[in-house]
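Engineer: So you can see what is in the structure, the chains are spelled out below.
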Amino acid sequence: MIANILFYIVSAILLTSAVMVVSSRNPVHSVLFLILAFINAAVLFLMAGAEFLAMVLVIVYVGAVAVLFMFVVMMLDVDFVALREGVQRYAPIGAAVGLVLFAELAFVAVSWTISPGANLLRLSPTPTDVTNTVALGSLLYTKYIFLFQMAGAILLVSMIGAIVLTLRDRNRGKRQNVDLQHARMPADTMRMVNAKLGEGAKMPAPTEEVL
Amino acid sequence: MMAFFNTDLGIVILTLLKSLALIVPLLIGVAYLTYAERKVMGAIQLRKGPNVVGPFGLAQPFADALKMMFKETIIPAGSDRVLFIMAPMITFGLAVIAWAVIPVNDGWAIANINVGILYLLAISSLGVYGIIIAGWASNSKYAFLGALRSAAQMVSYEVSMGFVIVTVLICVGSLNLNDIVMAQQHIWFAIPLFPMFVIFFISGLAETNRAPFDLAEGDTEIVAGFFVEYSAMSFALFFLGEYANMILISATTTVLFLGGWLSPLPFAPFTWVPGVFWFLIKLFACLFVFIWVRATLPRYRYDQLMTLGWKVFLPISLGYLVLVAGVLEVFGWLPNV
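Chains A and B, in that order, are what the protein sequence lines are. Counting the first sequence from 1 gives a position; the working numbering is that position plus 2. Counting the second sequence from 1 gives a position; the working numbering is that position plus 47.
Hints in this document: simulated from the structure, not taken from any laboratory. Glycine included, C-beta positions come from ideal geometry on N, C-alpha and C. It is possible that some hints are incorrect.
[Claimed, not checked] Quick look at which bits of chain B chain A covers, simulated, 3 or more residues with Cβ under 8 Å:
#, segment
1, 156 to 169
2, 179 to 193
[Unchecked claim] Selected chain A positions facing chain B (in silico; Cβ < 8 Å):
#, residue
3, Glu53
4, Val60
5, Ala66
6, Val67
7, Met76
8, Leu78
9, Thr135
[Said to hold, decoys possible] Below, in silico cross-link-like pairs of lysine-lysine (DSS-like), each with a Cα-Cα straight-line distance of 30 Å or less:
#, chain 1, residue 1, chain 2, residue 2
10, B, Lys118, B, Lys188
11, B, Lys95, B, Lys118
12, A, Lys176, B, Lys188
13, B, Lys188, B, Lys95
14, B, Lys95, B, Lys114
15, A, Lys176, B, Lys358
One chain only, chain A, in its complex shape (with noise of 0.2 Å):
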């Protein structure tokens, strides 16, 4: 019963967040729409006993991902007005790639038949004794070892990737040598001198020493 209620609950929270991201004015409130949606979807993983994916979702969509996607919307200068013009000007071609979405899920959802090797899968069922972290775990690294070693590599990639694109010469600006200065002594920076009265100490000429 009350997990009946709950669900319908979240399950309202969710779509109406995810009808928000899309339709909020301010970029900012869209994110945090998304966030919104992202917590609910992982309830629902949790009610549905996945309680190792609801987690992992919280932590790299909404701990990570989002808090990158929020950086980047926040520090953005929006000029809604200019905005605005855009819309009539892309609506066209909005419309069209969400014509072809849309009919790819129909086409999807009409000619949906189940795989003959989805039967075999019931054969061997997720084991109901061990906790689902254990059940996921003993499967993706035996079974699909070789996909998800795959998945790994081609994240490397992609991350080297955006790396190579975003290194600049970094050699504007002070940077610091900290090598440098821990073999810093005092000797050679400071010098005693006893200063005769009205004198003074006399300076060296300074050097070009940049530290």
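Starting from the structure of chain A, add chain B where the hints point.
Structural biologist: Structure of chain B alone, referenced to chain A:
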């Protein structure tokens, strides 16, 4: 009576009572942590600390709370009102709900869930939103700078924190916090995993925005950072959230590395003492170090903070993770799951 607690309504009421039994001591603990911090820092800096209100100044936290309550809540004209008010609530709420899974004694947790440690990680990764929303909603340059700093900082340190947790997990073979403590019956993880213990604690300092990593506040550069526009109760909620987070990180450190409620020596006079007592002793020790660090170390520079997180902690924790996994595999000590 016990049959009632097995019905739907009974379970809800029981959980509410349990939560109350946890939140009330937690809030009192937060109040007295502020007092303890001022007293300890006073002692370190050869001052007296609060000593006027009540005996030894013990009523000082309540005087502060009353003062905060009766002040005017100011909402800046250009701010995003809803988010501005929501941000401190998020910060404080997250600091409290994370406590649902912390076991203070064998099985004494409101929710003894399978993925306890992931829940803690998830909640602490949400913590950045309170700060980032506050900084943005204030519509102020200082607040915004503070929010950006803190977002980058928390995301960076979460990475090495995650690796530390994974290292503990491969020694335990379970994500359940109860199991993690019980796995430390023979030896606390702080001893074999000492470098990870240190990294976890320092990352905890960064995660809670405490000195020497309190760049999000950075009073000398950006006034008070993300909460510069806040006043009265909304400020108080941020303040309480920070201290509740400190207690939370200390509790997590206790559970992961210091053997939770287990007694330090597994024989007679020590095992007579109830587990809650040991848990609290370890918690207080961690909190003392938090305060000690704040009174001792100067604030880090921002690039130093990032260098420490990405170029020092990340390689060390990654390397140690591989080392631990290798040692466990070679000696056949991997836990059975």
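Engineer: Which hint numbers does the structure go against, in order from smallest to largest?
Structural biologist: 6, 8 and 13
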